[in-house]
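These protein sequence lines are chains E and C, in that order. Mapping to my numbering: the first sequence position 101 is 101, numbers consecutive. Mapping to my numbering: the second sequence position 79 is 79, numbers consecutive.
Just so you know, the hints here were simulated from the structure itself, not pulled from any lab data. Each hint should be verified, as a subset may be incorrect.
Said to hold, decoys possible - Listed next, the in silico DSSO-like pairs over lysine-lysine satisfying Cα-Cα at most 27 Å (straight line):
#1 C/Lys42 <-> C/Lys79
#2 E/Lys57 <-> C/Lys79
#3 C/Lys2 <-> E/Lys57
#4 C/Lys97 <-> E/Lys9
#5 C/Lys42 <-> E/Lys14
#6 C/Lys42 <-> C/Lys97
#7 E/Lys57 <-> E/Lys70
#8 E/Lys9 <-> C/Lys42
#9 E/Lys57 <-> C/Lys45
#10 C/Lys97 <-> E/Lys70
#11 C/Lys45 <-> E/Lys70
#12 C/Lys97 <-> E/Lys57
So the chains spell out like this:
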Amino acid sequence: NAGVTQTPKFRVLKTGQSMTLLCAQDMNHEYMYWYRQDPGMGLRLIHYSVGEGTTAKGEVPDGYNVSRLKKQNFLLGLESAAPSQTSVYFCASRADPIPYNEQFFGPGTRLTVL
Amino acid sequence: RKEVEQDPGPFNVPEGATVAFNCTYSNSASQSFFWYRQDCRKEPKLLMSVYSSGNEDGRFTAQLNRASQYISLLIRDSKLSDSATYLCVVTMDSSYKLIFGSGTRLLVRP
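With the rest of the complex left out, here is chain C (with noise of 0.2 Å):
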């Protein structure tokens, strides 16, 4: 079983909707937990972080559910410029290294 597995897609939406993406994670010693962004033939840049009580940043929301271990990010209002990949980052604790999911590739057409 992967370390953080993820759902591949690619999700297809409309300009305008809202989207969600999950992401689990198998070790309950994860410490930290981010949502990486990547477009086409570039270097992953962070999106944000996920933080216990959850977190928001315009249209984008981080859920992080322990219990269950996974997280979730949520788009709102999608816009063209949202098409990208999406990875999910979890560190361990006291580790040096992060571990990035195989991405979520997200397409909004117009």
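For reference, chain E alone in the conformation it holds in the complex (with noise of 0.2 Å):
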């Protein structure tokens, strides 16, 4: 099993333009988030999905899109990079919310928007 895999691992944008983060997973698990992590700041939800063909908003969702069209994918959408959107993205996945359900991290994408 690989797990959870985000590509690409680092990528450079500048202002005003878009792209696209893929997350897979291989553990069919319902459950997919994305994060992203900046210094001080701790992981922060921008949008989360309970299942294929469902999407809802995390904590911070202003200027992302999301999709998931299959169940082993979640994909990030940024559709205008701004110098703000410089940060760590973090996929993440869980079979179900039982508690004590353990969350796997993806290795992360590393985005820096000049």
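Now that you have both chains on their own, put them together as the hints suggest.
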């Protein structure tokens, strides 16, 4: 099992450019999440999905869109990148919300917006 | 007030020392609790869950105090490899979302 994978690992964008981050999991998990992590801020939830075809807003959704067309994939889109979106982005998945189920993370995508 | 608060540290301790971290949470409806470990420039990974009765895994002991709304992590006989950031994580009742603290950084020196 590869677990949770993310592509790309690194990316540099110019302000106003768009891009899509891909997250894939091979554990048949229902729940998938996108977080961003900034120094001193901890992990903040951007969007999440509780199953194929569903998405919901998290704590900091503005400037991002997501899609979950297939159960194993969760895409995060930036339509018009801004310097404030420079961050490390982590995808995660979880089997179901039973208490104490572990959340598994991908290795992260480091995004710089100039 | 943040939902989950941790002392950012760093805690700088010698090898072999015992070190303890606390974490406080604001919502009394919180249901489950975890400690995750995050190495520099890596993804977080589950260290241990925190059960109501307290639990131990080798050198690591986790405690939960629901009345005071805090959880703790005790590391005995610290190793150099324990150097990392420790994230306190809380979930709410019937919620799909995990709420992360900002982390406590531990540095273990030779």
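- Message: Hint check: E/Lys57 vs C/Lys45, CA-CA at most 27 Å. Holds or violated?
- Response: Since the Cα atoms of E/Lys57 and C/Lys45 sit roughly 24 Å apart, the hinted pair holds (cutoff 27 Å).
- Would you check the hint for E/Lys9 and C/Lys42, treating anything up to 27 Å between C-alpha atoms as holding? Distance of about 11 Å is within 27 Å: holds.
- Query: Given the hint that C/Lys2 pairs with E/Lys57, does the C-alpha gap stay at or below 27 Å?
  - Reply: OK: C/Lys2 and E/Lys57 at ~19 Å, within 27 Å.
- Message: Just to be careful, I want the Cα atoms of C/Lys42 and C/Lys79 compared with a cutoff of 27 Å; is the pair within it?
- Response: Given pair C/Lys42, C/Lys79 holds - Cα atoms ~19 Å apart, limit 27 Å.
- Could you grab the alpha-carbon distance between C/Lys45 and E/Lys70 and see if it respects the 27 Å cut-off? holds (25 Å)
- Query: Within a Cα-Cα threshold of 27 Å, do C/Lys97 and E/Lys57 meet the stated pairing?
  - Reply: It holds: about 11 Å lies between the C-alpha atoms, which stays within 27 Å.
- For the pair we were handed, C/Lys97 and E/Lys9, check the Cα-Cα distance against 27 Å. holds (25 Å)
- Query: Does the alpha-carbon distance linking E/Lys57 and C/Lys79 stay inside the 27 Å limit?
  - Reply: violated (40 Å)
- Query: CA of C/Lys42 to CA of E/Lys14, is that 27 Å or under?
  - Reply: holds (25 Å)
- Verify the proposed pairing of C/Lys97 with E/Lys70, using a straight-line Cα cut of 27 Å. holds (21 Å)
- Query: Taking only the CA atoms, is the gap from C/Lys42 to C/Lys97 under or equal to 27 Å?
  - Reply: holds (21 Å)
- Item | 27 Å Cα cutoff - pair E/Lys57, E/Lys70 | Judged against 27 Å, a Cα distance of about 18 Å means the pair holds.
Violated hint for the displayed structure: number 2, the only one.
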